[in-house]
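These are the residues of each chain, in order.
2 protein chains.
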Amino acid sequence: MDPHDALSLNKSVVQVYPLSNYSVGAKAALKDKGISITERLERMQEKYEAEGLRRSVEGIVLVAQHNYPHVLLLQADGYWRLPGGRLRPGEGEVEGLLRKLNNKLGPTSGSTDWEIVDCVGTWWRPNFDTILYPYVPPHVTRPKEQKKLFVAQLPEKCSFAVPKNFKLMAVPLFELYDKTQRYGPVISHIPQLLSRFKINMS
Amino acid sequence: MDPHDALSLNKSVVQVYPLSNYSVGAKAALKDKGISITERLERMQEKYEAEGLRRSVEGIVLVAQHNYPHVLLLQADGYWRLPGGRLRPGEGEVEGLLRKLNNKLGPTSGSTDWEIVDCVGTWWRPNFDTILYPYVPPHVTRPKEQKKLFVAQLPEKCSFAVPKNFKLMAVPLFELYDKTQRYGPVISHIPQLLSRFKINMS
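Protein sequence lines, in the order shown, are assigned to chains A and B.
Counting along the first sequence from 1, when you hit position 72 you're at 72 in UniProt numbering, and nothing is skipped either side.
Counting along the second sequence from 1, when you hit position 172 you're at 172 in UniProt numbering, and nothing is skipped either side.
Possibly wrong hints are sitting among the right ones.
Copies of the same chain are indistinguishable here, so a pair counts whether it falls within one copy or spans any two.
Claimed, not checked - Listed next, the in silico DSS-like pairs over lysine-lysine satisfying Cα-Cα at most 25 Å (straight line): (1) 144 x 27; (2) 179 x 148; (3) 167 x 148; (4) 11 x 198; (5) 179 x 157; (6) 198 x 164; (7) 198 x 144.
Calculated from the structure, these hints are not laboratory results.
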């Protein structure tokens, strides 16, 4: 079975390699730099009216530093985000996540051999604003976005290319915990979502 | 395969039935009523010195009310807790969880046919105090307790018996979210831990 066609079968272990195994280069900027939150939400509303529920997928990518797990985050305009993005209409979640991970982090030629381990959480946006919940609140019949989080395991070694308008940071799990103010609800709760896994650092 | 010997194989769906399917009776009080936190932590330290790492397991048990998922919680002395408890030395996690669930909620004769769906999180206690983290913090080499959370699925109908010194409450997911002050870090983060499941309410 092609590991890209489905989720990995071993869902309780995540293999993590040292950050020093990876080289990081730059590539052309992605076009969403400098767009305000208001503009983003307006676009989201336009898309919703045309296509319905926005489905987005994001990858939690781990590396080891000082023998401790760190999450790869992209920073731009003062915001932290996980690599990922919106699925195309009809696109599969794993297929779309691989496309988005390569788009955000993959090398300029070829692609990284990601292994999508498991879905670890789902967040819902009830309205065209910045508030997300890990459930559909009662009385919300038409949520505007579903955002699914997956653990994406890296190969032992590879090269990243990061769009020039983003900074790639490796943030330790303990730094994210309970920091909703700084990282937002989705990223700050990653430690809880990962706590069921055995994280193997070889 | 006996469903009690291992985790259920279908790990992405949780079947939930209406609270009205279950009858709730009372049984003899459990003996830990009225013990102060200080006394608990002292006991924990004594046990640790004799047996090493305390392993505990807790069950997230869901019921539907108004077609919305609720978590069963036990309340005593102003504290909320999940049904569960400490494993015996050498005891298996699923085996011990079933024992504890029946001890806390099972009928006075016979036992409930719980189906343990999956582990959803692990919390660690680095010191003999009330602080838990969803990871082992760096530089902590000998954590004092590992607490594992499992989703425990109920049969379609059954009877509970609740120890007289506890109150059984069904609390909706949205009420738990972001209420660390009221429910503590473990219970208040249940919505995130469950967000990857499809919750089927028939």
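Within a copy, between copies, both or neither: where do residue 11 and residue 198 come within 25 Å Cα-Cα? both (10 Å within a copy, 17 Å between copies)
Treating 25 Å as the Cα threshold, decide for residue 167 and residue 148: within, between, both or neither. Close inside one copy (23 Å), not across copies (36 Å); limit 25 Å.
At 25 Å max between alpha carbons, let me know whether residue 198 reaches residue 144 within a copy, between copies, both or neither. Between. Shortest inter-copy distance 18 Å satisfies the 25 Å Cα cut-off; intra-copy 34 Å does not.
Status of residue 27 relative to residue 144 across identical chains (alpha carbons, at most 25 Å): neither (32 Å within a copy, 47 Å between copies)
25 Å Cα cut-off: does residue 179 pair with residue 157 within a copy, between copies, both or neither? neither (30 Å within a copy, 41 Å between copies)
Intra- versus inter-subunit Cα pairing at 25 Å for residue 179 with residue 148: both (20 Å within a copy, 23 Å between copies)
Is it within a copy, between copies, both, or neither that the alpha carbon of residue 198 lies no farther than 25 Å from that of residue 164? neither (34 Å within a copy, 38 Å between copies)
Figure legend: structure checked against the earlier numbered hints; hints not met, in rising order: 1, 5 and 6.
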